[in-house]
Structures are given as structure tokens and as C-alpha cells.
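*Asks:* Here is how the chains run, residue by residue.
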Amino acid sequence: MTPLDAAELLNREFLEIRARLLQVAASLDRISRAQGTVASDPRLEKIGRALAVLQSSDPDRAEQIQLIFSRPYLENWPQDFGLRAGSIAAKNAMANNASARGGANGSPGK
Amino acid sequence: MDYFDPHIHMVSRVTDDYETLAKMGCVGMSEPAFWAGFDRGSVDGFRDYFRQLTEFEPKRAGWYGLKHYSWLCINAKEAENVRLSREVIAMIPEFLDRPGVLGIGEIGLNKNTPNEATVFLEHLDLAMKTDEQILIHTPHLEDKYQGTRMILDMLQSDRRIDRSRVLVDHVEEHTIRAVLEAGFWAGMTLYPVSKCTPERAVDLVEIYGPERLLVNSAGDWGPSKPTAVPDFILAMRLRGHAESLIRRVVYENPIKFFSQSRNFDYTPPEVPETAEL
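Chains as they are written, first to last, in the numbering used here: chain A, 1 to 110; chain B, 1001 to 1277.
Chain A extracted, bound-state conformation (with noise of 0.2 angstroms):
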């Protein structure tokens, strides 16, 4: 928790949050006037559901836009690799079981 309250803090981002908040405008309005056409970009999409979020009162909204900006984290990465299923899992395996026989040995394994 800060120990300033919402009031002290909004006094004192008050005209940073305005100044950001330009900067983004200014910034959309200069490549809407630029040649050519972005619409279908992706970036942008992402860009527009992440000042939604702003307009939210979420306490974690900066932990969404973060996400926004992600690429999606899918469980089963290892057999998306082409790696053995369950490969991670049985090689520790056997590594723990090394080291519970008192010491891991062998060269590292893929």
C-alpha cells in the first residue's frame, strides 16, 4: 500500500497522466493523416482494446494491457517442440532419481 492517499497521488500524476494521454493522441492522429492505411494492422486492434481497458476502474490494469501485448502461453509447448511427451518431466526424472542415489552423473541430456 502507498503511503500517500488517492488525492495526493492524482495531485501529483495529474499532469503526466494529461501529457501521456496527449502523446497517444497525437500519435494516432499523426498516422491517420500519414498515406496509406493501417486498418487491419493488429497492433492497432490491440492498441484500441488496451485503451479500453483504461476506461475500466479494475485495480490491475496494467497487468491486462501486459497481457494484451502477449503472445498466449499454451501448456502443452513441449510437444508443440516435437520434444518426447512428457520428455521435461522424464528427463528430471531421471535426474532426480540420480541424485537421490547420491549424486546425478552422465552428460547433460536433451
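Rather than coming from a laboratory, the hints here were simulated on the basis of the structure.
Computed from a prediction, not measured in an experiment: that's the story for all the values here.
Among the clues, some could well be false.
What the hints assert, rightly or not - Some chain A residues near chain B, calculated using beta-carbon distances under 10 angstroms: (1) Thr2; (2) Leu4; (3) Glu8; (4) Leu9; (5) Glu13; (6) Asp60; (7) Ile65; (8) Leu74; (9) Glu75.
To be verified - To spell it out: a stretch of chain B is covered by chain A in this simulated footprint if at least three of its residues, at any positions, have a beta carbon under 8 angstroms from a beta carbon of chain A; those stretches are: (10) 1095 to 1106; (11) 1143 to 1152.
Glycine included, each C-beta is placed from N, C-alpha and C at the ideal position.
Knowing the structure of chain A, use the given hints to seat chain B on it.
*Replies:* Frame of chain A, contents of chain B only:
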């Protein structure tokens, strides 16, 4: 205020930066091995780099009364060359008993590829066989969330790993919770554009508390600021936080984490209550 920078690439900085850091309260730093801006061509190139990290940089830091520590590895950006990576991993033990070598790092992922994952796992195996601490790089920007989750998967599937001896670095709002809840240390890197700003790092201290949390500049050859930790200290003060809380994050926490390495030798300077004339 005395502080440590737990992640800074001093090989990329000029000697004047050491002097500036000393003037701003820095008492020591740890320097992970990283990408030089180009892919190195041979294991001997890395051997020379590790000599620079373990011989010359501690000497340069010492000119200004600073302690310099290091971490060794082949960076994820060069892991696509698996053959060279294995040669480097096999060579690293030559340096692990040198003074100031804290462990294996900064290993991790960059673009989250199969070869990067393979080399990461083989670094983990080396660290476990040699009983070393681990410092982990998490990817940049859009790759960070996915890569951090993959790294946590690999760490958590290895029961040999003592999580209190692992630092997962470059956390941000969307990755810090998973790292801390899993029992690892988390590092916040202060960069001008990417990663964290000092103000957002203060937010994360307020949300998650100071336990197992570090802050660093990761100053290197790119746009970065080696004095970013003092920026964080100032941001904490302006937000009204106690000196004791700031000191815990920037001084006591690094010492607590580093002290788990057998090559960490640090004696805090004695401060007499009154000056003797």
C-alpha cells in the same frame, strides 16, 4: 543509501560509470554473462569473455571501492547454436571456483524456441551438478509472458532445484505473481522504454511486498541507465516509503540472495557513530 545492483553489464560501460555508481551509493554489483551484440564464434571467445568477467572487471570495480561478482553461461540469443552451447557449458566449470563467481546466468529464453529450451535445460543440469545458484533472463516484450511461463514449467519439473537459490529476472506486472508464488526470487529491471520504470517498480513493491524482490538496472550496451537503482530509491522516497523498506529491497535482499553462493565474500563497511578526528 548503500545499495547493490544485482544485474548490470559493466563490460559494456566505461570506467567513469564505476566512479559514478560509487558516488551514488553503490557498494557492489553482479554481472551476468550476456549477448555481446553479435554471436561469438568459438568456445575460446567465451573463455576470454569469462576471464574479463572474473579478472578485469573486479579489478576495475575495485579502483572505486566496489565489489564485482559474476554469473557465467551462454546467453539464450546464442542458444540456436546448440553445438557451441554445449562446448561452452562443458567449459564453464573451469571458472566456477574463481572468486566472485556466484553461479550460472543469465540463462533463459529469448524467442522461446526448442533449441533455447534445450540449452536452458542443460544449463540447469550443470547448475544442479555443481551446486550453483541460478540467475534467469526472461524474454522481452510480447515474448515475456509465454517465455516466463515456460521457464517456470522447466524449473518446477526439476525436483533438484532449491527455489530460494533461483532469481527470475526482468519480471513485470504480468509475470511477477507466478514467480513469487512459486517461491523464486524476482528481479525488476529498470529500462527507459521496455521492462519496468522506477514508478512501476515501486507499484510492484507496494502490491507484493519486499520479500524475495530485487531491483536492477541491467545497464548494458543498449539504451539503459546504470544509475537506475538510485532512480528507484528516489521514487520510493517520493512515494513516502520508509528508508528501512528501501534499504531492504536495494541492499539487504541482494546480500541475502548472494550469500547463498560459496564465492560471495562481502563485509559491510563499519560505520562509527561519530567521526574520529
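*Asks:* All the hints need checking, so say for each whether the structure fits it.
*Replies:* Hint by hint, here is what the structure shows:
1. The closest approach between the C-beta of A:Thr2 and any C-beta of chain B is roughly 5 angstroms, which is under the 10 angstroms cut-off, so the hint is satisfied.
2. The interface hint given for A:Leu4 holds, since its Cβ lies 5 angstroms from the closest Cβ of chain B, which is under the 10 angstroms cut-off.
3. Taken as an interface hint, A:Glu8 checks out: its beta carbon lies about 8 angstroms from the nearest beta carbon of chain B, inside 10 angstroms.
4. About 9 angstroms separates the beta-carbon of A:Leu9 from the nearest beta-carbon of chain B, less than 10 angstroms, and the hint is met.
5. For A:Glu13, the shortest C-beta to C-beta distance to chain B is roughly 9 angstroms, which falls under 10 angstroms, so the interface hint holds.
6. Taken as an interface hint, A:Asp60 checks out: its beta carbon lies about 8 angstroms from the nearest beta carbon of chain B, inside 10 angstroms.
7. The restraint placing A:Ile65 at the interface with chain B holds, with a minimum CB-CB distance near 8 angstroms, inside the 10 angstroms limit.
8. For A:Leu74, the interface hint holds, since its Cβ comes within 10 angstroms of a Cβ in chain B; the closest pair sits about 8 angstroms apart.
9. Evaluation of the A:Glu75 hint against chain B yields a held restraint, the C-beta minimum of about 8 angstroms falling below 10 angstroms.
10. Counting residues of the segment 1095 to 1106 of chain B whose CB lies closer than 8 angstroms to any CB of chain A gives 0, which falls below the minimum of 3, so the coverage claim is violated.
11. A count of 6 residues in the segment 1143 to 1152 of chain B with a Cβ less than 8 angstroms from any Cβ of chain A is obtained; the coverage claim is therefore met, three being the minimum.
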